[in-house]
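Undergrad: As a plain string of letters, each chain reads:
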Amino acid sequence: MPLIAGMSVLLGCQFLGEILVHGLQLPVPGPVVGMVVLLVGLMINGRVPTGLRTSGEGLLRYLTLLFVPAGVGIMVHFDLIKADFWPITVTLVVSTALTLAVTAKVMSWLTRSIPRDPRDEWREERP
Amino acid sequence: MSMPAPALEQLWVYLSASPLLHLLVTFLAFMGASYLNRLLGGTPFLHPVVLTIAIIIAFLTLTGTDYATYFEGAQFIHFLLGPATVALAIPLYDYRERVRRMLVPILLSCAAGIVTAVTSAVGVAMLMGASRETVLTLSPKSVTSPIAMGIAEKLGGIPSLAAGLVLITGSLGCALGPIIFRLVRVRDPSVQGFTMGVAAHGFGTAYSFSSIGAVAGAFAGLAMGLTGLLTAFILPPLVHLFGF
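Note that the protein sequences, when read in sequence, are chains A and B. Heads up: the first sequence begins at 1 in my numbering, then just goes up one per residue. Heads up: the second sequence begins at 1001 in my numbering, then just goes up one per residue.
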């Protein structure tokens, strides 16, 4: 039963998130607020229950798969993209590369004085 | 022939109308794409998600199936995105100490990332002569789809196209991320993960979990939520600066 209990906690938090979003007219999706709700809950509880960890980490392991149905939706927009193909393509590539570079640079500069966890270094070295 | 064509056709009509077929197609395409990606040495240019999406679109085009029919089956997978987003709180809780230590850098770099994403998107699109609608639709591209759609609508862009561009941005982020990190010499997995979450939302988060590690995944999830939240407030006034 722990798996069911874990899944119920996740769905329950999402449910609370949806209620908060609609009740307070927040400009964010319900699941994001649900994430905050669960985080607060875990901090109060002081540990992650085993069932919750099993179901949560199981879902996160296949997070990439979960984006596929929405991703296939791009097929609906082929005509719109074709109309402005070059501006869209160049903008997306340049802007994404710039965003990655600036965010990474700013953050590593701001955190340069914060002590590192020595275990972190080798993780990145994976091929 | 023991199986006359009309019977086969009837079977196809029956199967393609039930959720079973497209659910199965999604799983098989994902397994095939993951296998192919491993075979090619895990190259970031053929990210399994991008490959899976391409395979499925090819399949749907060949069989003349529209997206709505496909989604009837695939919605069961799509639904799990909600609880999975909630579950991002678990790694975040595990690394709460590190998040607390880095709180100020986190907020500042998130803001820097958003400003870069929006100004560069709007600036380049205007230089390239994109239509006003396209420029506005491109502006929220780094934010997770539901938020981006809301923002695009509020600004006068095209919500459904915004959702599509968000997906392309996500796959681009996964392809460009490793190259950029090497160029700017950033190795810290928490910084890498956070950056992926800011620039490539959920795709970047999934990528961080699968290719960098748990710390990176936790920071990416945090970045994704934070970027969505902050962009909703920062973007509209920022776009006004460009005269929209």
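Among the hints, erroneous ones may be present.
Derived coverage of chain A by chain B (criterion: at least 3 residues anywhere in the stretch with Cβ under 8 Å from a Cβ of chain B; other residues may be distant) [claimed, not checked]:
(1) 2 to 14
(2) 19 to 25
(3) 28 to 38
(4) 42 to 55
(5) 63 to 77
(6) 87 to 99
25 Å max Cα-Cα, derived SDA-like pairs, lysine to any residue [unchecked claim]:
(7) K82(A) - Y1095(B)
(8) K1154(B) - R1185(B)
(9) K82(A) - F1079(B)
(10) K105(A) - K1154(B)
(11) K1154(B) - S1120(B)
Bear in mind the hints are in silico, worked out from the structure with no lab data behind them. Idealized CB from N, CA, C, for every residue including glycine.
Undergrad: Compare the structure with each hint and give your call.
TA: These are the hints, each one checked on the structure:
1. Counting residues of the segment 2 to 14 of chain A whose beta carbon lies closer than 8 Å to any beta carbon of chain B gives 5, which reaches the threshold of three, so the coverage claim holds.
2. Counting residues of the segment 19 to 25 of chain A whose CB lies closer than 8 Å to any CB of chain B gives 0, so the stated coverage by that chain is violated, three being the minimum.
3. Using a Cβ-Cβ cut-off of 8 Å, 10 residues of the segment 28 to 38 of chain A lie near chain B, which meets the minimum of three, so the contact claim holds.
4. Judged by the Cβ-Cβ criterion of 8 Å, the segment 42 to 55 of chain A is covered by chain B as claimed, because 6 of its residues qualify and three suffice.
5. Counting residues of the segment 63 to 77 of chain A whose C-beta lies closer than 8 Å to any C-beta of chain B gives 15; at least three are required, and the coverage claim holds.
6. By the rule of at least three residues with a Cβ nearer than 8 Å to a Cβ of chain B, the coverage given for the segment 87 to 99 of chain A holds, with 12 such residues.
7. Of the pairs offered as hints, the one joining K82(A) and Y1095(B) is violated, with about 43 Å between alpha carbons and a cut-off of 25 Å exceeded.
8. At most 25 Å may separate the alpha-carbon atoms for a hinted pair to count; K1154(B) and R1185(B) exceed this at roughly 38 Å.
9. A threshold of 25 Å between alpha carbons decides the hint, and for K82(A) with F1079(B) the separation of about 30 Å lies outside it, so the pair is violated.
10. Annotation: proposed proximity of K105(A) to K1154(B) is violated, straight-line Cα distance about 32 Å (limit 25 Å).
11. Straight-line distance between C-alpha atoms of K1154(B) and S1120(B) comes to about 20 Å, which keeps the hinted pair within the 25 Å bound.
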